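Asks: Letter by letter, the chains look like this.
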Amino acid sequence: MASYWRKTWPFHLLLLPALVLVIIFAYIPLFGAAIAFEDYQPWLGIKGSPWVGFEHFRTIFEYPDSKQVIINTLIIASLKLVFNLVIPVIFALLLNEVVNTYFKRVVQTLVYLPHFLSWVILGGILIDLLSTEGGIVNRFLNVLGMKSIFFLGDGQWFRFTVIVSDIWKEFGFSAIIFLATLVGIDPSLYEAAEIDGATRWQQVVNITLPLILPIVIVVATLSLGRVLDGGQDQILNLYNPLVYSHGDILDTFVYREGLMSGKFSFGTAVGLFKSAVGFIMILISYRLAYKLANYRIF
Amino acid sequence: MKRYVKLAKWTTLALVISSLPTLAACSSDKNNEAANNNGTTNNQTADNGTKSTVDPAAMWQQKFDPPVTITTAVVDDGASRGNAFKPGESMEDNVNTRWMKDNMGINVKYDFIVTKAEDYDTKIRLLLSSGGKLPDVFSAPGDSLQNLIDAGKVMPLDDAIEKYAHPEFKKILEKFDYALGEVKRDGKLYGLPGFFMGDEGTVMWIRKDWLDKLGLQAPKTLDELTNVLKAFTENDPDGNGKADTIGLAVPLKEGPWTWMGQTDAIVAALTDQMINTFDIKSYWNKGADGKLTYGAIQPDAKKYLQLMKDWMSNGYIDKESGIMDPMKASEAAAAGKAGVMFGPAWMGGWPLGDAAKVDPKADFEAYNLPSGPDGKFGRAEKGITAGFTMFNKDFKGIEAWFAYFNKLFAKNLNQDGDPYNDPRFKDGFHEGYDYVNYNGKIVKGDYKAAGVPEDKWPLKDGSRMDMRFMMASITGGTTTIPYSNTDAIKKFLADPNAEPQTSTEFDVKASPARTLAAQGVRLNQGITEGKNYFTGPLTPTMKSKGQLLTKLATETYLKIIYGEKPMDYFDDFVKQWNDNGGSKITDEVNAWYAESNK
Chain X
1 MASYWRKTWP
11 FHLLLLPALV
21 LVIIFAYIPL
31 FGAAIAFEDY
41 QPWLGIKGSP
51 WVGFEHFRTI
61 FEYPDSKQVI
71 INTLIIASLK
81 LVFNLVIPVI
91 FALLLNEVVN
101 TYFKRVVQTL
111 VYLPHFLSWV
121 ILGGILIDLL
131 STEGGIVNRF
141 LNVLGMKSIF
151 FLGDGQWFRF
161 TVIVSDIWKE
171 FGFSAIIFLA
181 TLVGIDPSLY
191 EAAEIDGATR
201 WQQVVNITLP
211 LILPIVIVVA
221 TLSLGRVLDG
231 GQDQILNLYN
241 PLVYSHGDIL
251 DTFVYREGLM
261 SGKFSFGTAV
271 GLFKSAVGFI
281 MILISYRLAY
291 KLANYRIF
Chain R
1 MKRYVKLAKW
11 TTLALVISSL
21 PTLAACSSDK
31 NNEAANNNGT
41 TNNQTADNGT
51 KSTVDPAAMW
61 QQKFDPPVTI
71 TTAVVDDGAS
81 RGNAFKPGES
91 MEDNVNTRWM
101 KDNMGINVKY
111 DFIVTKAEDY
121 DTKIRLLLSS
131 GGKLPDVFSA
141 PGDSLQNLID
151 AGKVMPLDDA
161 IEKYAHPEFK
171 KILEKFDYAL
181 GEVKRDGKLY
191 GLPGFFMGDE
201 GTVMWIRKDW
211 LDKLGLQAPK
221 TLDELTNVLK
231 AFTENDPDGN
241 GKADTIGLAV
251 PLKEGPWTWM
261 GQTDAIVAAL
271 TDQMINTFDI
281 KSYWNKGADG
291 KLTYGAIQPD
301 AKKYLQLMKD
311 WMSNGYIDKE
321 SGIMDPMKAS
331 EAAAAGKAGV
341 MFGPAWMGGW
351 PLGDAAKVDP
361 KADFEAYNLP
371 SGPDGKFGRA
381 EKGITAGFTM
391 FNKDFKGIEA
401 WFAYFNKLFA
411 KNLNQDGDPY
421 NDPRFKDGFH
431 EGYDYVNYNG
441 KIVKGDYKAA
451 GVPEDKWPLK
461 DGSRMDMRFM
471 MASITGGTTT
481 IPYSNTDAIK
491 KFLADPNAEP
501 QTSTEFDVKA
511 SPARTLAAQG
521 VRLNQGITEG
531 KNYFTGPLTP
541 TMKSKGQLLT
551 KLATETYLKI
561 IYGEKPMDYF
571 DDFVKQWNDN
581 GGSKITDEVN
591 AWYAESNK
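Chains as they are written, first to last, in our numbering: chain X, 1 to 298; chain R, 1 to 598.
In isolation and in its complexed conformation, chain R is listed as follows:
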């Protein structure tokens, strides 16, 4: 849950940032382009004729005159952001907004600041239904996103991206195009994604101390895993003389795939199809004929169900898994009742790290995912988008917005010779805020240890300032590039004491050793993560029948795993699923897929 709160905060922040106006650099971009493909010069006519005052080789100098005002909205309860502002500064007025005004000619204004995410949703919905003026740049809550596009209130962004966006950002949008279906309509993009790092893919956590105690090797295949589960269940790994341990901690209340303790790795070991019963929007796999098919009704799901059923009937899985959510299941593992749990790399710290409080010897370690009988192994890709930033269709300053966004993006990218990379941000964003220049040395935290005198500390209490909230005033999204922490992880795995150079490296270095090791395990097995190919909006039938089908699938899976229904019941389920709207949804999904991949 903590992670979700964090995520929500980040998303909000990201939204705020995304509303900044862009500078005047675009026309020069166009000229370059035209020069490059001089065969087709007639598209030049679209150019509005204004000449850029900015050298294309120094896009970071973009400044808008007359100044551009960008309005936005944000959720900020003032408490959860911690050390984001110095006394006297606020979301509306701080060193960064002043800097933007003076150096970029961008004024940031807030149409509204609310303290709760629900209020934000309500506010947007009210503006939508009352026909009020939307902020220039804002993050759209999931529900309202489709309504906003349907109502024609938001701007299609393709032209603006083409003209103003950082070239690397364009590449990312292309690369992760498959994840943007929700904000696409008729081939046009209506929202900019905030990306997740995408580093939460499943690894296998096992109590190494239990393995050692029972003289077992870490399992490499499903069969070996079954043996380990058997031994953990029957051979008293905690040595207390009682039969009170089980093998696998798994939450089944929401079906086989969730945010922690998920069993996607087991599915992937058995079949090329990915299964999810939690949400009708996922998992849609690509079949051999190129059509999308719904994972949970694939015949291969039976292999998964059979295995889970066996484990359940042998007691390797907690009998109560069916009523457990991820938190509850992880409690069992953290309490020393279960020895294996699948999940993201951060689980080693929390919640599995808590196992050591119960038993000081407890040692959960991350291992490669087991392979199936055909040598298959894999996992599901975690969603990589964290909400979308949208632009009021009447907004005129999108160039200015991109100018600011590109600057933050370029800093995150940290490439040599990048014309968008602002040299003024070389050491950090604002001196005396996120860094201190002390005797020629840049200090970014631990000021006391570095000997910085107290009067130069950014905050009186000596803590680090959390710059995200300040910097994100209008970009709404983070500038995270999916999977961009890979190199940093490898670097610190090779040399834990290496000096961090970029902000990504700072973040990675700050993660606990166990998490870093698990990230290494995740990266090194060489897994191509299974993608969910349907990322569009809910189809009409999904809307009317989706919940029914989700319920049907979850219920059926559990009944089969619990042995309440025979395996043959699966075929009945597939028929029911199709008859109750599933086949119609499949058609709609494939129509969407064909449309969006034209």
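Chain X on its own, in the form it takes in the complex:
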């Protein structure tokens, strides 16, 4: 034991700052979650505010809008979840087949660029691009003889727009991790397969896919924790009263309720509710990952 410490103490020292940060910024604030169970009043503080138990959680489910908001959140978030997993994987597989490295790099750079733009900026750009009068997307549709679509003002189209634009923004960046995995696959496997007479397609199905499956499952597991995240930034910048009924999600709901009308306790309660659901989802998916792909972190 003593020799273990003697050898490794510098590494533990390196860990220390991160540990301190986590305690200060992740664990201590947890006590603040107490206000979800209080009728929090700033001048009375956390200690002085009266306790109300699960009152705010009850409100979440009694609110006339809540059902719609939760349904919207689940639809938008789960569609995003699925497509944000499937599309980057397909993209990575396709890009991996490209032989010309120069072309490969250019494409990769171009597709992950949008990830670095904020939704405030992209929101403005999208509103212009998708405009029914003169927006480039609708002009293109018109050229094809189709009618203009009010992407941001029509409920069904709004969800579609939100999901597609989110995928467009993120798929390039998400693909990086899969590309990295693909690069790590032992080339001798492919050589052996080729000698055995496997086609390109057969190689993908029998070598590539099984080998990247664990990482796909990890990514899926991690993102399940955010299953109630519909993307506050994005929706806040794109939505409007015309599409409240299809686009209002928990986060935007909390923003309006919690911040705009100063209901701190209620906002915290919703946040806590979201975290609890996320935690349960992670537990379940981790179990599944262990069972199905024999993947485990601990």
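Derived from the structure by calculation, the hints contain no laboratory data. Please note that the accuracy of each hint is not assured.
[What the hints assert, rightly or not] Using 20 Å as the maximum straight-line C-alpha spacing, the simulated SDA-like pairs for lysine to any residue come out as follows: (1) R:K286 <-> R:N590; (2) R:K337 <-> X:S148; (3) R:K328 <-> R:W346; (4) R:K565 <-> X:G155; (5) R:K565 <-> X:K291; (6) R:K559 <-> X:R159; (7) R:K319 <-> X:I136; (8) R:K565 <-> X:D154; (9) R:K281 <-> R:S596; (10) X:K67 <-> R:Q576; (11) R:K559 <-> X:K291; (12) R:K551 <-> X:P64; (13) R:K575 <-> X:E62; (14) R:K213 <-> R:Y367; (15) R:K328 <-> X:D65; (16) X:K291 <-> X:L213; (17) R:K281 <-> X:S148; (18) R:K456 <-> R:N437; (19) R:K328 <-> X:D128; (20) R:K213 <-> R:D363; (21) R:K319 <-> X:G124; (22) R:K551 <-> X:E62; (23) R:K509 <-> R:L523; (24) R:K63 <-> R:I161; (25) R:K291 <-> R:S596; (26) R:K460 <-> R:G432; (27) R:K575 <-> X:D65; (28) R:K328 <-> X:G123; (29) R:K543 <-> X:D65; (30) R:K319 <-> X:G123.
In this text the structure is predicted, and so the values were computed from the model without any measurement.
Here the structure of chain X is known, so what remains is to put chain R in place on it, guided by the hints.
Replies: Using the frame of chain X, we list chain R on its own:
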């Protein structure tokens, strides 16, 4: 947005200024009063017996000995204030703080200076929840205002106002009493308002070059306006051979009433009730029975919705108005896509002035608001308070604060024979700062043109100093008197070359000709602006259900205007609104109104 930044700056400044201590003139005031109504002399007992050393006819001489120290707090990022201080001077130490110390016996100290408004809010909230000592005088951010009063941390001001405030300021507080509900509790006033000028009421902006081109007259009624919108939409006013223009630019994302491009004038032409869906706190109109009613659920709103619906279905309004905020809507007008937009008088300069960049002939002019079928016309009153200055309940130097405030107020008021008007401020505040005395001539800017030698310029680069930040050290608010620029506007409309005499006149003269003309249009139509009668704090039900109801109203209005729901849906909406807490809010609002008007 620019305007809001400016406004925020002003508010901050105003807050700073409001924290100055007042001088010893109050007891003499009291004596005068007692002498005037010698029937009730027993209230004299409240007098603490100190005799004023100041002649009531020269209140400007008030000086405090021993000196009074006033602490305050301010947002100052050092960058956005521009030319506010000379090199070596600062918010804490400058010619004005020194002057106050020497001439008035007032020391100004800052408890904290932060660089961002959010930090200021946080700081106050922290002081509030940790029980720390609040500054003597400070501006309370909207959120914390109610908490401060609830927590009993701030001073009720009625006595101090009665004793120390400038008589004209008292009159203004009475006149605009209806706008102070937020800082009133149990009939007591807990904050002093910084007032806006109140000159941002809606006018109708129309492309005059389009009217001329299509041979149209400026519309005087809603019907005529509809014709103009039709012509602008269908008759190709920009002459490019394409059907790419619309009539009215209007932002509907937040409902029918907002800070620019609002349609309050259309509502007012159709009904006596004012409508707003943006915020549950406005618009509360007074009904025939004297009770307050919520505008957005009034049956008359249907007339407005019908008209907007017709315009929408005919294409006179941009189909995308529902996703447009005021900036976006004004872009359409500035880009030459729309010919009519409602809004404040300054819109002629920005953003509508930008239309000339696209088409040099573009000429937006301000016109009288159109009248409805019954000859009604009008608009909503813009909020006239810009935040409130509050006083720590333990603050002892409020007399000194008022002494300084009254001085600035008197200068702004500029009345002959005003005992508060400091003759030392006759030419400006501080020589070599906001003015230069050159060969007996007072120069307040453009020093180069006036031939002032370079070494006498207030700043090396020859620019004007922005005195607001210096003068506002503790008054927090501006000393703006609502609507007080009316006479100045009339003066310069009658004679654009007239010499400005007061600071208000300087400001008005500096405004662009188009804005001045629009201000004239605003003033000359003789409109009594619709008031929002509820100015109290959020009621409990507003707090819990307000956002829901606001959302419901905005959504419903848009769905009806877009034709997604039939007009009858409005009745369902009213029922939903009432059932979901609206009727309870109405009761609370009326209880507040009855209470505050006792």
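Asks: Are the hints correct? Go through all of them and say.
Replies: A quick look at each hint next to the structure:
1. Straight-line distance between C-alpha atoms of K286 (chain R) and N590 (chain R) comes to about 10 Å, which keeps the hinted pair within the 20 Å bound.
2. Taken as a hint, the K337 (chain R) and S148 (chain X) pair is honoured in the structure, with Cα atoms around 19 Å apart against an allowance of 20 Å.
3. Pair hint K328 (chain R) plus W346 (chain R) holds up; C-alpha atoms about 17 Å apart against a cutoff of 20 Å.
4. Taken as a hint, the K565 (chain R) and G155 (chain X) pair is honoured in the structure, with Cα atoms around 14 Å apart against an allowance of 20 Å.
5. Restraint check for K565 (chain R) and K291 (chain X): not satisfied, since their Cα atoms lie roughly 51 Å apart, outside the 20 Å limit.
6. Taking the CA atoms of K559 (chain R) and R159 (chain X), the gap is about 18 Å. The hint holds against a cut of 20 Å.
7. Proximity of K319 (chain R) to I136 (chain X) is assessed by CA-CA distance (about 17 Å); at most 20 Å being required, the pair is judged to hold.
8. With a CA separation close to 14 Å, the supplied pair K565 (chain R) and D154 (chain X) stays within the 20 Å bound.
9. A distance of roughly 16 Å separates the Cα atoms of K281 (chain R) and S596 (chain R); the hinted pair therefore holds under the 20 Å criterion.
10. Only pairs whose Cα atoms come within 20 Å are accepted, and K67 (chain X) paired with Q576 (chain R) is accepted, the gap being roughly 17 Å.
11. With a C-alpha separation of about 50 Å, the suggested pair K559 (chain R) and K291 (chain X) falls outside the 20 Å cut-off, and the hint is violated.
12. For the hint pairing K551 (chain R) with P64 (chain X), the CA-to-CA distance comes to about 12 Å; that is within 20 Å, so the pair holds.
13. This hinted pair checks out: K575 (chain R) and E62 (chain X) have alpha carbons roughly 19 Å apart, not beyond 20 Å.
14. About 17 Å separates the Cα atoms of K213 (chain R) and Y367 (chain R), which keeps this hinted pair within 20 Å; it holds.
15. For a cut-off of 20 Å, the pair hint linking K328 (chain R) to D65 (chain X) is broken: about 29 Å separates their Cα positions.
16. Annotation: proposed proximity of K291 (chain X) to L213 (chain X) holds, straight-line Cα distance about 13 Å (limit 20 Å).
17. About 38 Å separates the Cα atoms of K281 (chain R) and S148 (chain X), which puts this hinted pair outside 20 Å; it is violated.
18. The straight-line distance between the Cα atoms of K456 (chain R) and N437 (chain R) is roughly 9 Å, inside the 20 Å bound, and the hint therefore holds.
19. Under the criterion of a C-alpha separation no larger than 20 Å, the hint pairing K328 (chain R) with D128 (chain X) is consistent with the structure, at around 10 Å.
20. Under the criterion of a C-alpha separation no larger than 20 Å, the hint pairing K213 (chain R) with D363 (chain R) is consistent with the structure, at around 12 Å.
21. Distance hint between K319 (chain R) and G124 (chain X) is fulfilled; the C-alpha atoms sit about 18 Å from each other, no more than 20 Å.
22. Taking the CA atoms of K551 (chain R) and E62 (chain X), the gap is about 17 Å. The hint holds against a cut of 20 Å.
23. A hinted pair counts as satisfied when its Cα atoms are at most 20 Å apart, and K509 (chain R) with L523 (chain R) qualifies at roughly 16 Å.
24. A threshold of 20 Å between alpha carbons decides the hint, and for K63 (chain R) with I161 (chain R) the separation of about 19 Å falls inside it, so the pair holds.
25. A distance of roughly 13 Å separates the Cα atoms of K291 (chain R) and S596 (chain R); the hinted pair therefore holds under the 20 Å criterion.
26. Only pairs whose Cα atoms come within 20 Å are accepted, and K460 (chain R) paired with G432 (chain R) is accepted, the gap being roughly 12 Å.
27. Of the pairs offered as hints, the one joining K575 (chain R) and D65 (chain X) holds, with about 16 Å between alpha carbons and a cut-off of 20 Å not exceeded.
28. The straight-line distance between the Cα atoms of K328 (chain R) and G123 (chain X) is roughly 13 Å, inside the 20 Å bound, and the hint therefore holds.
29. For the hint linking K543 (chain R) to D65 (chain X), the alpha-carbon distance of about 16 Å falls within 20 Å, and the restraint holds.
30. Restraint check for K319 (chain R) and G123 (chain X): satisfied, since their Cα atoms lie roughly 19 Å apart, inside the 20 Å limit.
The structure fails to meet hints 5, 11, 15, 17 from the earlier list, while all remaining hints are met.
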